[in-house]
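Chain residues, written in single-letter form:
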Amino acid sequence: MDRTLTSFIAALRNADVRISTAETLDAMSAVELCGYRNREFLKDTLALVLPKTPDEKYTFDETFDQFFAFEDVKGESVVTVSDGDGEEAEGEGGAGQGQGGAEGEGTEGRKGGGKKKKFSAFEEQQDEEDLGPGEMAQPRSTLGKLLMQDSRVELTVNMAAAAKEVSLEEIQVFTQKGLYTRKIMEEMGLADLQQEISVVRQSPSIPDRRLGQELKKRREWLREQVRDYVEKQFLLHADATGKKLREELLRKVKLSNVEHRNFRLVQEVVFRMAKRLVALHSRRKKVFKRGQLHVSRTLRHNMSYDGSIFDLHWKSVKIDRPKVFAICDVSGSVANYARFMLMFLYSLEEVMPKVRSFAFSSDLAEVTDLFERNKLEDAIAKTLRDYSGGSTDYGQAFEDFRNKCLDEIDNRTTIIILGDARNNYGDPRTEILKEMYDRSKRLIWLNPESRNTWNVGDAEMRKYSAYVHQAEECNSLTHLERIVGNLLRTIQ
Amino acid sequence: MLYIVTVDLDNAAFCAEKSVLRVVVVGGTVTDIDKLAGSVSNLQAGFESHRYICSSQIATAVYLAYQLRKPVLVEGPAGVGKTELAKTTAEMFELPLIRLQCYEGLDEAKAIYEWKYGKQLLYTQVLKETLDEVLQGAKGFTESVNRLHEFGDIFFSEEFMEPRPLLKALNEENGCVLLIDEVDKSDHEFESLLLEILSEYQVSIPEIGTVKAKAEPPIVFLTSNNTREISDALKRRCLHLYIPFPDSDLEQRIIHARVPEIPPELRRQLVTFIQELRDLDLKKLPAISETIDWARTLLLLHTESLDANLVRDTLNVILKFQEDIDNVDAEITTLTNKAIKN
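Sequences listed follow chains A and B, in order. Here the first sequence is numbered in our numbering, starting from 1 and rising by one per residue. Here the second sequence is numbered in our numbering, starting from 1001 and rising by one per residue.
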């Protein structure tokens, strides 16, 4: 049973749920307690032990339902048993008798009901030769017997065993699906079945031919089942290396070239980068030499000096954390970069709680509020939607910025400007930038274009770069990570 | 209840009998908890009898916490009953609840223990006089020091220690429920401080040694509002329970348990309204506690059925931001009609 659990955990890990060895052990002791008997209980239990964030819980739910799908099969057959209609049961009852009277009349009838549902998809194939209901011969091959037994549970068990035999869990790419389906069928005894089908179909006896038809139908059904099973297992086990490779690439690729379908992945990468930076920088703690006297600590430490207060200790007061103003050009060409930059800044909330952000293309507006109220993705989407129209005007944007919040810039403030400095030949208003430069602790300009095009055409980078502390090319996640890393080092 | 019995026995004259009886009584409570925590359905019923309606997931969490001796980290939006869960558990098991409210700057002196520095200082001053007697006849420095050593570290013994919530919880004889509230508000460093107590149910005090939990380790609940990510190390040691907003059915049962006087039709209406409200884009979504407050308000106003004006007047009970109230204002009529019709 432990093996079930470990392979389930492997599947979870594959679905990006982080599970440590200690948690695996916890899960084992929890399962020992609750057992595999009650599916809901098992799910509740494992949901408490394994996934540790709401996101992971969601993934867990899906994976669990897929992985423990066998239980469903059982449940389903129970359902079909209960609603199997009487008429059908009667019709098939004769066939059941032919199968050998070892089993009671009641079970035969019920099986018939179940069968009707399962095979309805293949009903239309029946047109080849109408033999009518009646006696049917006994199947001889193992797989044939299994198929005619009508026990889905046993079939599923057999299928799983065969899958294990051909090591289905090693499946890697989707093109292998067909191969594995075939392998599993063969492992289950397909060859014998084929043989039997072709023999009985040629046979002169009607019950034999009936069997042939029935077996063929059921073979097709089985193939469907196996394909389905392989599909599910592929989703569970398909190796994550492909994903890793893609992530690796995404870090280097130019942000404007990131395709829409990869946004989610990029976001994950960004969060992970941000988390690492947070871990790196949140550990620092300064002991401040002023503020309120920490009476108890002082007294305690001065006990050794006979109680005379000599070595003073202070309540370590955290100076309010540095402020970051992010000004992002969100006009068409730069919008994509702005998206990732904002994503990054707000992922760093823990170490940089005071990010205020502004967006502009022609007019500048503060979007801090949007980010406070909405989820990150929504906020970014809204920002881009609301402010990205209009042609770029850096002069106007700086003017707006000056009117809005120049007063709030002090020597602890870092300003980050993201933009290509393409001003459509308008007035660059460098004097405002100079003012910002003078007042702030640091002014960083991130330009998504590569350095040699900085001054080509309507770009004003040369004029602007006189009034920034640092101008950097920034167009991939790696760049972004490095710059923000430096930023954290200097502002703390 | 248990406490009263013990006090009575303390007054009894027959010491031998007293000790025997106490064992029986203590044994009695322990089996009670065992029985209660023996199955999820028992727990769920137990919670219900204490007016806490919970999903099977929550009951399973408490069940596992008790059976596996693991702390539970409870996350979820504000006001879904995270703290209430710990309180009710304590009530149900008839155990004392020890609560540690976390905040920025919380350190071990406030969470685990603190030396009674005043007392220590006072005693040093007092004992200074008697020092001469102790050292009488001692020749030379070494001998004096040796004599002093014979007294051991009196000043750093339990006599001089002020236990704080975490240590108190470990020292409870019959176990207790320990609630570490809003752990996300504390600093990173404090989280690491918690690791030892969460996994081993012990704390190390340099001057004394390791203090282990008495016979019954506490049942620990940690709550978090997700203002920041809790470290993996902490998460790894806990069961993780996420309490979302309840669905309409569960919420109605909760209201029924908490405000039983409210008529069923109104209850259905107000729950539907709140559920609709949660789909809107609001700064702070109304939680269960707000629904309960609202139900009480409506009851107080002798309301029979919701109507737009009434909702508008009482909206400040469920929405806590003027901005949200303004946003919802336009849609009140539609929402109310929906709630009444359904």
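By construction, these hints were calculated from the structure, which means they are not laboratory data. A portion of the hints provided could be inaccurate.
Quick list of in silico lysine-lysine cross-link-like pairs, DSS-like style, CA-CA up to 25 Å [what the hints assert, rightly or not]:
{"no.": "1", "chain 1": "B", "residue 1": "Lys1035", "chain 2": "B", "residue 2": "Lys1116"}
{"no.": "2", "chain 1": "A", "residue 1": "Lys57", "chain 2": "B", "residue 2": "Lys1185"}
{"no.": "3", "chain 1": "B", "residue 1": "Lys1283", "chain 2": "A", "residue 2": "Lys354"}
In silico contact screen, one side only, chain B against chain A (beta carbon under 10 Å); selected entries [what the hints assert, rightly or not]:
{"no.": "4", "residue": "Tyr1063"}
{"no.": "5", "residue": "Trp1115"}
{"no.": "6", "residue": "Thr1124"}
{"no.": "7", "residue": "Leu1127"}
{"no.": "8", "residue": "Thr1130"}
{"no.": "9", "residue": "Asp1132"}
{"no.": "10", "residue": "Phe1155"}
{"no.": "11", "residue": "Arg1278"}
{"no.": "12", "residue": "Leu1335"}
{"no.": "13", "residue": "Lys1338"}
Heads up, the beta-carbon is just placed ideally off N, CA and C, and yes, glycines get one too.
**Q.** Proposed interface contact between B:Arg1278 and chain A, which counts if any beta carbon pair is under 10 Å
**A.** This hint is violated: B:Arg1278 lies away from chain A, its Cβ roughly 15 Å from the closest one there, beyond 10 Å.
Q: Would you check whether B:Phe1155 satisfies its interface hint, that is, whether its CB is within less than 10 Å of any CB in chain A?
A: holds (8 Å)
Q: Hold the hint about B:Tyr1063 up to the distance rule: shortest CB distance to chain A must be less than 10 Å.
A: holds (8 Å)
Q.
Is the interface hint satisfied for B:Thr1130? The criterion is a beta-carbon contact with chain A at less than 10 Å.
A. violated (16 Å)
Q: So, B:Thr1124 near chain A? Judge it on the closest CB pair being under 10 Å.
A: holds (7 Å)
Q) Holds or violated: are the alpha carbons of A:Lys57 and B:Lys1185 at most 25 Å from each other? A) holds (23 Å)
Q. Should the hint that B:Asp1132 touches chain A count as held when the rule is a Cβ pair under 10 Å?
A. violated (16 Å)
(Q) Quick check on B:Lys1338 please, does its C-beta sit within 10 Å of some C-beta on chain A? (A) violated (25 Å)
Q. CA of B:Lys1283 to CA of A:Lys354, is that 25 Å or under?
A. OK: B:Lys1283 and A:Lys354 at ~19 Å, within 25 Å.
(Q) For a C-alpha distance cap of 25 Å, please report whether B:Lys1035 and B:Lys1116 respect it. (A) violated (41 Å)
Q: With a cut-off of 10 Å on the beta carbons, see whether B:Leu1127 makes it to chain A.
A: violated (12 Å)
Q: Could you check if B:Trp1115 really has its C-beta closer than 10 Å to a C-beta on chain A?
A: With a closest approach of 6 Å, the B:Trp1115 hint holds.
Checked against the numbered hints above, the structure violates hints 1, 7, 8, 9, 11, 12 and 13; every other hint is satisfied.
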